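So you can see what is in the structure, the chains are spelled out below.
Protein chains: 2
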Amino acid sequence: MTPAFSADGLIPAITQQYDTGEVLMLAWMNEAAIAETLASGHACYYSRSRRQLWRKGETSGQVQRLIELRLDCDGDAILLLVDQTGVACHTGQRSCFFTAMRDGVWVQIAEPEISPKALYPEV
Amino acid sequence: MTPAFSADGLIPAITQQYDTGEVLMLAWMNEAAIAETLASGHACYYSRSRRQLWRKGETSGQVQRLIELRLDCDGDAILLLVDQTGVACHTGQRSCFFTAMRDGVWVQIAEPEISPKALYPEV
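Those protein sequence lines, which keep their order, are chains A and B.
Residue numbering for the first sequence follows my numbering, starting at 1 and increasing by one per position.
Residue numbering for the second sequence follows my numbering, starting at 124 and increasing by one per position.
One chain only, chain A, in its complex shape (with noise of 0.2 angstroms):
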């Protein structure tokens, strides 16, 4: 068994907080970025806007600690335990999937934990 990448190089990678279940995001993963989780201990995936590593948590300081990484049944796709410090979210939100389809339109169903300037300072 061994991860299969895209074309690109790429891998999607799920991340789950380890105890409740919650999904938290949904990332991308190279190569180096699981060998970096691993060895760390901390999750860590490839931006491709950026095109270059992301150690998650570097800038606003909400790291993951890794729990376990999986592999699904064809190895095209990660699911990443984590235990996640703060929020996951840019936005602050816990989650980045705090919008859910209700009845034909998109409805916000969370609320953000604490304000994006607050994790990101000077930018």
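Be aware that one or more of the hints could be misleading.
Far from chain A, some chain B residues (derived; all Cβ distances over 12 angstroms) [what the hints assert, rightly or not]: (1) G132; (2) Q139; (3) A155; (4) L176; (5) R178; (6) E181; (7) V186; (8) C196; (9) D197; (10) D206; (11) G209; (12) F221; (13) K240; (14) P244.
Listed next, the stretches of chain B that the computed footprint assigns to chain A, with coverage defined by at least 3 CB atoms under 8 angstroms from CB atoms of chain A [claimed, not checked]: (15) 159–167; (16) 210–219.
FYI, nobody ran anything at the bench for these hints, they're computed from the structure.
Just so we're clear, the structure is a prediction, and the values are computed from it rather than from any experiment.
For each residue, glycine too, the CB sits at the ideal point set by N, CA and C.
Chain B: place on chain A using the hints.
Below, chain B alone, put in the same frame as chain A:
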């Protein structure tokens, strides 16, 4: 808010059992798959290998009743909360994520609940 499809018209979709929180699988949707899922109340994906809509459970009977469809903060990932009938994985495992990295090696951490032959008797 609206789904942000990639250049190939697809968006990754995480599927989670709504009550236990178990992450069942990751698949892909296009605009038609999202529309059909919302209209029918059962998960429909886009099969990248078969290049057509994939009505989950159509052959195996292992359907996924839609509880809620969510979108992430930047619109480029979907979270489907479903009620899974039987198993999500074509291998007969409840979840596709039954392989974990432990002490540097990939380990199978769960057993199939049903044999693939029972799921796909005519294959």
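> Okay, which hints does this one fail, numbers in order?
Replying inline: Numbers 2, 8, 9, 12 and 15 - these are the hints that the structure violates, sorted from lowest upward.
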